[in-house]
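Q: Sequence:
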Amino acid sequence: MNKKVRVRFAPSPTGGLHLGGVRTVLYNYLFAKKQGGDFVLRIEDTDQSRYVPGAEQYIYDCLEWCGLVPDESPKHGGPFAPYRQSERKEIYRSYAEQLVSKGYAYYAFDTPEELEQMRNVYKTEANPSPQYDHSLRMKMRNSLSLPAEEVKKLLDENVRHVVRIKMPENEPVSFVDMIRGEVNFDTNIVDDKVLLKADGMPTYHLAVVIDDYLMKITHAFRGEEWLPSAPVHILLWKYFGWENDMPQWAHLPLILGPQGKLSKRDAAKYGFPIFAMNWTDPQSGELTEGFKERGFLPQAFINFLALLGWNDGSEQEIFSLEELIEKFSIERVHSGGAKFDYEKAKWFNHQWIKRFEAGRLKFEVKKTLAQKRIDISDEQKLEKVIALVKDRCTLLTDFYDQGWFFFKTPGEIDAEAVKPKWNEAKKRFFESLKEELQATSQWESAFIEDGFKKLAMIQGIKPGELQLPLRIMLVGGKFGPPVFDIAELLGKEETLRRIENGLAIFG
RNA sequence: GGCCCGUUCGUCUAAGGGCUAGGACACCACCCUUUCACGGUGGUGAUACGGGUUCGAAUCCCGUACGGGCUACCA
Numbered sequence: 046m047n048k049k050v051r052v053r054f055a056p057s058p059t060g061g062l063h064l065g066g067v068r069t070v071l072y073n074y075l076f077a078k079k080q081g082g083d084f085v086l087r088i089e090d091t092d093q094s095r096y097v098p099g100a101e102q103y104i105y106d107c108l109e110w111c112g113l114v115p116d117e118s119p120k121h122g123g124p125f126a127p128y129r130q131s132e133r134k135e136i137y138r139s140y141a142e143q144l145v146s147k148g149y150a151y152y153a154f155d156t157p158e159e160l161e162q163m164r165n166v167y168k169t170e171a172n173p174s175p176q177y178d179h180s181l182r183m184k185m186r187n188s189l190s191l192p193a194e195e196v197k198k199l200l201d202e203n204v205r206h207v208v209r210i211k212m213p214e215n216e217p218v219s220f221v222d223m224i225r226g227e228v229n230f231d232t233n234i235v236d237d238k239v240l241l242k243a244d245g246m247p248t249y250h251l252a253v254v255i256d257d258y259l260m261k262i263t264h265a266f267r268g269e270e271w272l273p274s275a276p277v278h279i280l281l282w283k284y285f286g287w288e289n290d291m292p293q294w295a296h297l298p299l300i301l302g303p304q305g306k307l308s309k310r311d312a313a314k315y316g317f318p319i320f321a322m323n324w325t326d327p328q329s330g331e332l333t334e335g336f337k338e339r340g341f342l343p344q345a346f347i348n349f350l351a352l353l354g355w356n357d358g359s360e361q362e363i364f365s366l367e368e369l370i371e372k373f374s375i376e377r378v379h380s381g382g383a384k385f386d387y388e389k390a391k392w393f394n395h396q397w398i399k400r401f402e403a404g405r406l407k408f409e410v411k412k413t414l415a416q417k418r419i420d421i422s423d424e425q426k427l428e429k430v431i432a433l434v435k436d437r438c439t440l441l442t443d444f445y446d447q448g449w450f451f452f453k454t455p456g457e458i459d460a461e462a463v464k465p466k467w468n469e470a471k472k473r474f475f476e477s478l479k480e481e482l483q484a485t486s487q488w489e490s491a492f493i494e495d496g497f498k499k500l501a502m503i504q505g506i507k508p509g510e511l512q513l514p515l516r517i518m519l520v521g522g523k524f525g526p527p528v529f530d531i532a533e534l535l536g537k538e539e540t541l542r543r544i545e546n547g548l549a550i551f552g
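Positions 46 to 552 (the working numbering) are the ones given, in order, by the first sequence.
Some clues are possibly wrong.
[Said to hold, decoys possible] Below, computed lysine-lysine pairings styled on DSSO-like, alpha-carbon distance capped at 27 Å:
hint, residue 1, residue 2
1, K537, K417
2, K147, K134
3, K523, K426
4, K523, K464
5, K283, K261
6, K499, K523
7, K472, K523
8, K429, K498
9, K453, K429
10, K48, K79
11, K261, K134
12, K372, K49
13, K309, K384
14, K411, K537
15, K120, K134
16, K429, K399
17, K198, K242
18, K389, K372
19, K411, K453
20, K537, K498
[As the list claims (entries may be wrong)] Here are the in silico distance ranges between beta carbons for each label pair:
hint, residue 1, residue 2, range
21, N165, K384, 31 to 41 Å
22, P465, A313, 38 to 48 Å
23, V166, Q416, 51 to 61 Å
24, S131, Q361, 40 to 50 Å
Read the hints as simulated data drawn from the structure, not as lab findings.
Just so you know, even glycine gets a beta-carbon here, dropped at the ideal spot from N, CA and C.
Use the sequences and the hints to build the structure in full.
A: Below you can see the structure in the form of structure tokens.
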């Protein structure tokens, strides 16, 4: 009997979607799709104090850009709605109470101040962060330590309280991680985690177990930072009596920055993006640039993320999403963290730009140019420009630097590159070139080059010495594709105009 | 401090007991190119350390070191 594969991702709408998050989605998605299963997106807004308006929509936007569209989500709907945890409050409460009545959890009435005090009192050098656990719980104010009638009174009076799991003493917990193999813990080292907060919202620990169960999740992938709390989740599955339905776990390695874990500071310090798309914090107004806006193609973004911690064992590096789905295997995911290398990320983008036909890039390039106030009316010309310059573009934004002069007459001209070697003979050459081009009816790169070289020979000047001045006249500087290709694309009229301009400047 | 996870060129990684440890990014040189790139050829460069097990260890085991994560009414 094969259960249909269902994997889930549970982002919290607290800000930008970073590389680690996208990669987790990607691996979830690849794993599910490979087996014809479902990719479920659940919104983890269990902490309303951290909820950022707009962040949920932003997550959908990022996933859509990446091409990783969920089968079920608050936005897309599905058979297990609602998928937003704030809309499932009642469910969590009743399950938490079930746990209390079974004796696996208890009510705790300690105030934040009392918890703070506990931590200060029991803090020692050997134990810098004392935990609310089996050794201390009887010294705190909860339904285990307090007389039953007092507990009842407190509950009747609606005194603020939480539900905590009662972690057993000295009980080994082990599970098999799909990436790491068997992982063992001792329950002594984990504290009595809060399951239901005083505001009635669940913590991640409770929500993840209940929702994975109710939504029939078969595989749960998440970041390595969750490994230490895995025993809490394993125990909850057991306490609810759902052990046979527990998903298989995979804890993905972290993505690291140049010095330790990848952070927004790294992004600022080293000048590379860490979010999929631009994220503006609605509170501070602070903008963090995304890969999309930096000029990445989603195919390249997905490609390099997939390879950051996984490979198919061959030497292939360029994969489409379809190929990734076909070749992905969780067994080949690394257990060690991977440092993010922006240079390599750019290389992937370059590869994708090169492999795409000009027509396929047209839409994106047009947008990029529009941002630099170059509006395209002639789409055919744009396509030709793209075909001509794309091999030298790493980011989509490079199309501006490589191609703006096809659409705009250069204002500033790098005259210094020409003037020192400028003379009467060269002036005469360009004047006669102008006349010859004027007269020609054939306007094609090879033909122009041929005429140019013949004329140079007649006048006794090396063509090489004349190419740079021509280039400067046409584009304004020492850059761009082969100069006669530029002339062809520019058209006869514009080429002649720019040669005239150049002659006026060089004298 | 405690617990957990990890460790192959600078970076991402291949090699799951057996050739001179392979590839990619980056870097360097040469070629191509009378611009800048692309491209081509070649080069520098790694099994953290110490013990075992074995005819044989990057690979299995133990210890050490280093790195990372967790240790919240955050996820």
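Q: I want to verify a distance hint. Is the separation of the beta carbons of N165 and K384 within 31 to 41 Å?
A: holds, 38 Å
Q: Quick check on a hinted range of 40 to 50 Å for S131 and Q361, using CB atoms only.
A: Holds: the Cβ-Cβ distance is about 43 Å, inside 40 to 50 Å.
Q: Given the proposed pairing of K537 with K498, does the C-alpha separation stay at or below 27 Å?
A: Given that 27 Å is the threshold and the Cα spacing comes to 18 Å, the pair holds.
Q: Can you confirm whether the C-alpha distance between K523 and K426 stays at or below 27 Å?
A: holds, 22 Å
Q: With the threshold set at 27 Å, check whether the alpha-carbon distance from K283 to K261 stays at or below it.
A: holds, 16 Å
Q: Is the gap between the beta carbons of V166 and Q416 within 51 to 61 Å?
A: For Q416 against V166, whose Cβ atoms are near 59 Å apart, the range 51 to 61 Å holds.
Q: Between the alpha carbons of K429 and K399, is the straight-line distance 27 Å or under?
A: holds, 14 Å
Q: Taking only the CA atoms, is the gap from K147 to K134 under or equal to 27 Å?
A: Holds, because 20 Å separates the two Cα atoms, which is no more than 27 Å.
Q: So if I understand the rule, the pair passes when the alpha-carbon distance is 27 Å or less; does K389 with K372 pass?
A: holds, 21 Å
Q: CA of K120 to CA of K134, is that 27 Å or under?
A: holds, 19 Å
Q: If you draw a straight line from the CA of K429 to the CA of K498, is it 27 Å or shorter?
A: holds, 25 Å
Q: Is the straight-line distance between the alpha-carbon of K499 and that of K523 27 Å or less?
A: holds, 24 Å
Comparing the model with each earlier hint shows no violations; every hint is respected.
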